[in-house]
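Chemist: Here's the letter readout for the chains.
There are 2 protein chains.
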Amino acid sequence: MSTLPMILSRRLRPSPFEQRAIEHGASQFTLYNKMILPLIYESVAKEYEHLCKHVQIWDVACERQVEIVGPDALRLVELITPRDMSTCAVGQCKYAPLCDENGGIINDPIIIRLAEDRFWISIADSDVCLWVKGVAYGRGFDVRVFEPDVSPLAIQGPKADDLMADVVGEHTRDIRFFWFIDATIVGTPVKIARSGWSGKGGFEVYLQDSSKGNELWDIFWEAGQKYNIGVGAPNLIERIEAGLKSYGQDMTIENNPFEASLDRYIDIDKEAEYMCRDVLHDIAKSGPKKRLVNMIIEGRDLDLMRADWPVLGDDGEQVGIVTSKTWSPRFEANIALAIVNVSHVSPGTPVMVDADGDTRSATIRDEKWNAP
Amino acid sequence: MSTLPMILSRRLRPSPFEQRAIEHGASQFTLYNKMILPLIYESVAKEYEHLCKHVQIWDVACERQVEIVGPDALRLVELITPRDMSTCAVGQCKYAPLCDENGGIINDPIIIRLAEDRFWISIADSDVCLWVKGVAYGRGFDVRVFEPDVSPLAIQGPKADDLMADVVGEHTRDIRFFWFIDATIVGTPVKIARSGWSGKGGFEVYLQDSSKGNELWDIFWEAGQKYNIGVGAPNLIERIEAGLKSYGQDMTIENNPFEASLDRYIDIDKEAEYMCRDVLHDIAKSGPKKRLVNMIIEGRDLDLMRADWPVLGDDGEQVGIVTSKTWSPRFEANIALAIVNVSHVSPGTPVMVDADGDTRSATIRDEKWNAP
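Protein sequence lines, in the order shown, are assigned to chains A and B.
Numbering-wise (this note's numbering), the first sequence opens with residue 5 and increments by one.
Numbering-wise (this note's numbering), the second sequence opens with residue 5 and increments by one.
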């Protein structure tokens with residue numbers, strides 16, 4: 005069974021784009037930050053093919069924002085991430101893992117600097133608002149922390165630039181990667197960032213009035229007809245090929261940023277106070293015990309992974325677990341992410357995967373999916 | 005559309021009882037604390053009838069525990085709730101709304117005192133662990149806060165006492181309401197509390213080893229055959245009739261405990277420090293602006309409530325919203341919970357409900373569903 009019927013209720017918040025997503029054929033969903041996230045329309049493979057060539061509209065309202073505003077905003081943002089946020093200009097965004105006092109990853113959001121003293125944390129699936137509110141309360145910081153009425157709509161794919169230029173203006177072509185501009189669409193203010201959860205390029209449009217969801221969707225949908233616009237969603241195939249990690253799936257609070265192979269997104273020597281400085285320095289010195297790596301699993305397409313699949317070494321000993329997997333049309337193979345002991349992380353290392361009793365050969369790959 | 009197909013993934017945690025629930029015919033689900041919660045097997049109405057007469061087994065593993073342990077544990081627990089926890093003995097449980105510094109409800113858990121310096125917070129659907137970790141970190145409290153491997157299985161209904169006596173021993177009949185004992189079932193230690201999310205009585209069995217889910221289920225299921233045991237779940241009909249509120253549905257962080265009509269579960273003059281003392285004293289003095297009340301809505305069974313349904317006064321002005329509703333076989337009417345301005349909360353007050361354009365007469369009822 006790969007899906008279960010989920011009962012809708014007031015507790016599962018509707019997205020401002022939910023009506024349009026369902027009208028356009030969304031057929032399989034997940035829940036993300038207590039909000040419906042449409043994941044599949046026709047099939048992951050079809051939507052993957054289309055995303056690689058054209059432009060898509062994605063309901064990613066479930067990427068909720070946590071707003072931090074006030075005199076201590078920067079101090080608080082610095083405290084909760086080992087990434088150096090002092091170099092984040094107003095108008096810029098940074099992908100920044102949030103860590104607790106033990107170095108455990110709380111979330112891996114994009115942090116958006118709206119003003120000197122105002123940030124949005126654009127979150128993956130965990131309640132960052134409660135975490136940050138708790139820290140701010142405990143430290144007595146002079147800030148307000150809350151979830152504003154802000155819902156991202158993603159425009160992704162190689163034709164995203166053309167579409168955005170048509171809808172908003174040619175100047176949107178000049179938005180740099182992980183920067184944003186302010187604009188007005190359908191009479192409502194939005195922020196448009198060059199970002200998104202695919203490796204195919206595109207934008208995230210931050211709607212700030214959830215009553216305007218249909219109108220915002222419609223203007224892109226209509227203008228997108230000449231670019232063969234399609235519906236889509238964060239795509240399992242594309243995101244694993246592109247090495248994008250999913251919080252809660254590929255890493256949890258049990259993992260530190262080194263284990264999650266997020267080394268390049270942290271600055272453990274940054275000047276500002278952050279809560280896991282000593283822990284991360286210790287791990288950097290001794291080296292992490294395990295790492296998140298790419299892996300190719302041999303053989304035909306695999307069944308749904310519901311229980312954890314062990315990764316096994318030569319002697320059948322467990323050396324890790326598979327965290328995500330999919331069939332890749334590009335590689336014509338099962339591609340996977342796995343957290344594996346450092347003894348077994350070198351590209352080319354042969355391992356086995358126990359997929360609910362279906363034991364397969366597998367090989368560790370590097371970040372570009374190569375092995376020597 | 006009342007259900008949507010939900011894709012399973014590693015991010016949506018399986019319950020230790022999930023396999024058995026599905027084998028026994030669970031057909032509709034929700035997600036609660038990022039864990040699958042089976043809500044319906046055959047139908048809510050059938051399971052309601054059975055629950056009123058016999059005994060049921062419920063997979064409520066999604067009621068996760070947040071463990072707080074250490075020298076500052078009681079101080080921290082007191083800080084996060086306006087309920088007086090100093091009177092909670094070891095072995096006892098208390099229903100205690102958690103509130104932020106503005107009085108907003110973070111969750112409405114049962115707090116279980118395991119030892120002088122050790123508590124479990126048995127939570128509704130919000131990430132209390134992150135909130136409490138943040139507060140503890142910020143205040144520099146000497147405690148450890150984490151989610152242990154603990155999953156409740158509920159045994160509910162009028163024959164629950166007989167079944168528990170058969171499985172665990174006659175002494176379980178003496179467990180007082182909202183107290184627990186330690187026991188061993190299927191060779192694994194459990195805590196058994198007289199509690200549960202129904203008004204029909206019963207127990208919650210706290211399994212502390214998620215690998216033992218099937219065995220724990222099976223021993224109750226087999227012993228329960230002579231009591232006509234059935235499968236069930238927190239039942240929408242039963243819980244609204246019994247006045248049980250659902251966090252995220254009937255109250256959110258936007259509401260304070262007075263608005264949520266939880267007055268009897270808070271002690272605003274308690275001795276210990278708690279973070280919203282001044283705010284709650286102010287509200288107690290001026291009176292809350294709205295209240296959660298019972299309501300009967302006239303006419304036949306209503307469709308799924310996806311968008312908020314406004315409650316309207318005499319002049320058509322909005323005076324509140326419906327938060328939960330169901331058809332009640334006992335009252336042969338639509339029963340509902342609604343948050344309504346204090347001007348309209350007296351039992352007997354006539355109002356209207358705009359159910360997606362289907363406008364119905366309705367009446368405020370008291371807690372026993374009476375109106376003068």
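To be clear, the hints were calculated from the coordinates, so they are not data collected in a lab.
Glycine residues also receive a C-beta, built at the ideal position from the N, C-alpha and C atoms.
Check each hint, because a few of them may be wrong.
Cut-off 20 Å, straight-line C-alpha distance, at most; resulting in silico cross-link-like pairs (SDA-like, lysine to any residue) [as the list claims (entries may be wrong)]: (1) A:38 - B:108; (2) A:38 - B:309; (3) B:38 - A:312; (4) B:204 - B:232; (5) A:38 - B:216; (6) A:249 - B:17; (7) B:38 - A:12; (8) A:38 - B:95; (9) B:38 - A:311; (10) B:38 - A:143; (11) A:50 - B:32; (12) B:50 - B:336; (13) B:38 - A:50; (14) A:216 - B:50; (15) A:98 - A:17; (16) B:38 - A:98; (17) B:195 - B:95; (18) A:38 - B:37; (19) A:98 - A:57; (20) B:249 - A:13; (21) B:249 - A:17; (22) A:249 - B:12; (23) B:38 - A:322; (24) B:216 - A:312; (25) B:38 - A:182; (26) B:38 - A:204; (27) B:38 - A:9; (28) B:38 - A:6; (29) A:38 - B:232; (30) A:204 - A:165.
Partial list, derived from the structure: chain B residues whose beta carbon lies under 7 Å from chain A [said to hold, decoys possible]: (31) 11; (32) 12; (33) 15; (34) 28; (35) 34; (36) 35; (37) 43; (38) 47; (39) 76; (40) 80.
Chemist: A separate judgement is required for each hint: does it hold in the structure or not?
Modeler: Tested hints:
Of the supplied pair hints, the one linking residue 38 (chain A) and residue 108 (chain B) holds, its CA atoms being roughly 18 Å apart against a limit of 20 Å. A C-alpha spacing of about 17 Å is found between residue 38 (chain A) and residue 309 (chain B), which places the hinted pair at or below 20 Å, so the restraint holds. Under the criterion of a C-alpha separation no larger than 20 Å, the hint pairing residue 38 (chain B) with residue 312 (chain A) is consistent with the structure, at around 16 Å. Of the pairs offered as hints, the one joining residue 204 (chain B) and residue 232 (chain B) holds, with about 16 Å between alpha carbons and a cut-off of 20 Å not exceeded.
Between residue 38 (chain A) and residue 216 (chain B), the direct Cα distance comes to roughly 29 Å. Violation of the 20 Å bound is thereby established for this hinted pair. For the suggested pair residue 249 (chain A) and residue 17 (chain B), the alpha carbons sit about 17 Å apart, so the restraint of at most 20 Å is met. Pair hint residue 38 (chain B) plus residue 12 (chain A) holds up; C-alpha atoms about 15 Å apart against a cutoff of 20 Å. As the CA atoms of residue 38 (chain A) and residue 95 (chain B) are separated by approximately 33 Å, the hinted pair breaks the 20 Å bound.
Annotation: proposed proximity of residue 38 (chain B) to residue 311 (chain A) holds, straight-line Cα distance about 15 Å (limit 20 Å). Annotation: proposed proximity of residue 38 (chain B) to residue 143 (chain A) is violated, straight-line Cα distance about 29 Å (limit 20 Å). The hinted pair formed by residue 50 (chain A) and residue 32 (chain B) fails the criterion: a straight-line CA distance of about 28 Å is larger than 20 Å. With a C-alpha separation of about 15 Å, the suggested pair residue 50 (chain B) and residue 336 (chain B) falls inside the 20 Å cut-off, and the hint holds.
Of the supplied pair hints, the one linking residue 38 (chain B) and residue 50 (chain A) is violated, its CA atoms being roughly 28 Å apart against a limit of 20 Å. For the hint linking residue 216 (chain A) to residue 50 (chain B), the alpha-carbon distance of about 41 Å lies beyond 20 Å, and the restraint is violated. Between residue 98 (chain A) and residue 17 (chain A) the alpha-carbon distance is near 27 Å, which puts this suggested pair outside the 20 Å criterion. Pair hint residue 38 (chain B) plus residue 98 (chain A) does not hold up; C-alpha atoms about 27 Å apart against a cutoff of 20 Å.
A C-alpha spacing of about 10 Å is found between residue 195 (chain B) and residue 95 (chain B), which places the hinted pair at or below 20 Å, so the restraint holds. Under the criterion of a C-alpha separation no larger than 20 Å, the hint pairing residue 38 (chain A) with residue 37 (chain B) is consistent with the structure, at around 9 Å. Between residue 98 (chain A) and residue 57 (chain A), the direct Cα distance comes to roughly 27 Å. Violation of the 20 Å bound is thereby established for this hinted pair. For the hint pairing residue 249 (chain B) with residue 13 (chain A), the CA-to-CA distance comes to about 14 Å; that is within 20 Å, so the pair holds.
Between residue 249 (chain B) and residue 17 (chain A), the direct Cα distance comes to roughly 17 Å. Compliance with the 20 Å bound is thereby established for this hinted pair. Distance hint between residue 249 (chain A) and residue 12 (chain B) is fulfilled; the C-alpha atoms sit about 17 Å from each other, no more than 20 Å. For the proposed pair residue 38 (chain B) and residue 322 (chain A), the alpha carbon gap of about 27 Å is over 20 Å, so the pair is violated. Between residue 216 (chain B) and residue 312 (chain A) the alpha-carbon distance is near 17 Å, which keeps this suggested pair within the 20 Å criterion.
For a cut-off of 20 Å, the pair hint linking residue 38 (chain B) to residue 182 (chain A) is broken: about 30 Å separates their Cα positions. Distance restraint check for residue 38 (chain B) and residue 204 (chain A): the Cα-Cα separation of roughly 29 Å exceeds the 20 Å cut-off, and the hinted pair is therefore not satisfied. At most 20 Å may separate the alpha-carbon atoms for a hinted pair to count; residue 38 (chain B) and residue 9 (chain A) meet this at roughly 15 Å. As the CA atoms of residue 38 (chain B) and residue 6 (chain A) are separated by approximately 17 Å, the hinted pair is consistent with the 20 Å bound.
Taking the CA atoms of residue 38 (chain A) and residue 232 (chain B), the gap is near 36 Å; set against the 20 Å cutoff, the hint is violated. At roughly 11 Å between alpha-carbon atoms, residue 204 (chain A) and residue 165 (chain A) fall within 20 Å of each other, so this suggested pair holds. For residue 11 (chain B), the interface hint holds, since its Cβ comes within 7 Å of a Cβ in chain A; the closest pair sits about 5 Å apart. For the restraint placing residue 12 (chain B) at the interface with chain A, the shortest Cβ-Cβ distance is roughly 6 Å, inside the 7 Å limit, so the hint holds.
The beta carbon of residue 15 (chain B) comes within 4 Å of a beta carbon in chain A, closer than 7 Å, and the hint placing it at the interface holds. For residue 28 (chain B), the interface hint is violated, since its Cβ never comes within 7 Å of a Cβ in chain A; the closest pair sits about 14 Å apart. Residue-level restraint check for residue 34 (chain B) holds (minimum Cβ-Cβ distance to chain A is 5 Å; threshold 7 Å). At its closest, the beta carbon of residue 35 (chain B) sits 4 Å from a beta carbon of chain A; the interface hint therefore holds under the 7 Å criterion.
A hinted interface residue such as residue 43 (chain B) counts as satisfied when its beta carbon comes closer than 7 Å to some beta carbon of chain A; here the least separation is about 6 Å, so the hint holds. Restraint check, residue 47 (chain B) versus chain A: the minimum CB separation of about 12 Å is more than 7 Å; hint violated. Annotation: interface hint on residue 76 (chain B) violated; nearest CB of chain A at approximately 12 Å, more than 7 Å. At its closest, the beta carbon of residue 80 (chain B) sits 10 Å from a beta carbon of chain A; the interface hint therefore is violated under the 7 Å criterion.
Violated hints for the displayed structure, listed by number in ascending order: 5, 8, 10, 11, 13, 14, 15, 16, 19, 23, 25, 26, 29, 34, 38, 39 and 40.
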